[in-house]
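Participant: Line by line, the protein sequences give chains A and B. Under this note's numbering, the first residue of the first sequence carries the number 1, and numbering increases by one thereafter. Under this note's numbering, the first residue of the second sequence carries the number 1, and numbering increases by one thereafter.
The hints are simulated quantities; they were obtained by calculation from the structure and are not laboratory data. Mixed in with the good hints there might be a few duds.
[Unchecked claim] Covered stretches of chain A (in silico footprint by chain B; criterion: 3 or more residues with CB under 8 Å from a CB of chain B, positions within the stretch not fixed):
hint: 1; segment: 31 to 45
hint: 2; segment: 57 to 69
hint: 3; segment: 96 to 103
hint: 4; segment: 126 to 136
[What the hints assert, rightly or not] Restricting the straight-line Cα-Cα distance to at most 20 Å, the calculated cross-link-like pairs of lysine to any residue (SDA-like) are:
hint: 5; chain 1: B; residue 1: K125; chain 2: A; residue 2: W53
hint: 6; chain 1: B; residue 1: K125; chain 2: A; residue 2: A52
hint: 7; chain 1: B; residue 1: K101; chain 2: B; residue 2: A36
hint: 8; chain 1: B; residue 1: K125; chain 2: A; residue 2: R78
[Unchecked claim] Reference excerpt, derived from the structure (chain B facing chain A, CB under 10 Å, subset only):
hint: 9; residue: H29
hint: 10; residue: I42
hint: 11; residue: A57
hint: 12; residue: G86
The C-beta atom is built at its ideal place from N, Cα and C for all residues, glycine as well.
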Amino acid sequence: MAELEARTTATAERTRPLSPHLQIYKPMLTMMMSVVHRITGAALYFGMLLLAWWLIAAAAGPNAYANVEWFMGSLFGRLVLFGYTWALLHHMLGGLRHLIWDTIHGFEPAERELLTLATLIGSTTLTLVLWVVGYLVMGGPR
Amino acid sequence: MTGLQSMRTPIRRVRGLGAARSGTGHFWHQRVTSVAAIPLTIGLLLIITALLGRTHAAVVQILGSPLVAIIMLLFIINTAYHMWIGMQEIILDYVHEDRLKLLSLMANTFFVFAVALACAFAILKLSFGV
Numbered sequence: 001m002a003e004l005e006a007r008t009t010a011t012a013e014r015t016r017p018l019s020p021h022l023q024i025y026k027p028m029l030t031m032m033m034s035v036v037h038r039i040t041g042a043a044l045y046f047g048m049l050l051l052a053w054w055l056i057a058a059a060a061g062p063n064a065y066a067n068v069e070w071f072m073g074s075l076f077g078r079l080v081l082f083g084y085t086w087a088l089l090h091h092m093l094g095g096l097r098h099l100i101w102d103t104i105h106g107f108e109p110a111e112r113e114l115l116t117l118a119t120l121i122g123s124t125t126l127t128l129v130l131w132v133v134g135y136l137v138m139g140g141p142r
Numbered sequence: 001m002t003g004l005q006s007m008r009t010p011i012r013r014v015r016g017l018g019a020a021r022s023g024t025g026h027f028w029h030q031r032v033t034s035v036a037a038i039p040l041t042i043g044l045l046l047i048i049t050a051l052l053g054r055t056h057a058a059v060v061q062i063l064g065s066p067l068v069a070i071i072m073l074l075f076i077i078n079t080a081y082h083m084w085i086g087m088q089e090i091i092l093d094y095v096h097e098d099r100l101k102l103l104s105l106m107a108n109t110f111f112v113f114a115v116a117l118a119c120a121f122a123i124l125k126l127s128f129g130v
């Protein structure tokens with residue numbers, strides 16, 4: 001038993017070669033957008049709390065809902081919502097790009113740059129369009 | 001190779017399992033939920049845009065109507081599974097100490113269940129009144 005433990009520890013502690021990490025490489029658009037995909041994913045994870053708050057408040061009654069409306073209508077709330085909208089759209093388009101890559105298409109240097117740039121421009125444009133529509137047509141969050 | 005405790009090689013034990021001990025299942029499920037998330041996210045954004053500036057009574061009525069409620073529930077269930085897998089992937093990438101890893105994975109499960117259940121309960125309450 002002791003012999004087994006010693007052997008297991010020895011195996012676990014053996015120093016193994018490490019692959020170079022992010023700081024070794026020159027930052028490139030595809031790499032940065034890969035990082036952003038993960039960051040937006042994590043942000044959206046906690047952003048679900050906002051959706052939950054909104055839904056629970058709607059189910060709870062007019063007073064609780066008024067609190068959510070007050071927060072979403074404040075400058076800080078609008079900033080959070082704007083960021084949330086962009087993160088959601090960017091993560092969606094980034095996911096779409098990854099689904100395309102999953103089919104082994106779009107891997108040529110020019111193609112992958114184009115796809116990555118398209119997600120960045122697409123998400124920003126869609127966010128602005130959605131917010132303009134929100135403000136002009138529906139009156140925006142109050 | 002004197003350390004082998006059985007006829008099975010380490011690669012045989014590890015193959016198809018990975019750090020979460022469940023193989024490529026989550027990889028595939030992440031793709032399935034990604035595909036589902038595209039129309040559901042568009043649906044969510046349309047619903048929210050349509051609800052902007054409306055009174056509480058109107059919001060309750062629209063969120064509780066069958067089609068909207070079903071889209072919202074599908075979004076919540078699909079997103080819950082998608083974000084559970086995604087956060088697990090992040091944890092496995094960055095948290096290597098066993099105890100902290102297990103606690104983080106557990107916290108991930110608790111968080112996702114709680115948020116998803118809260119959202120789903122609210123939608124159901126809006127749908128069925130009470």
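Participant: Tell me the numbers of any earlier hints that the structure contravenes, in ascending order.
Facilitator: Hints 7, 8, 9 contradicted; others consistent.
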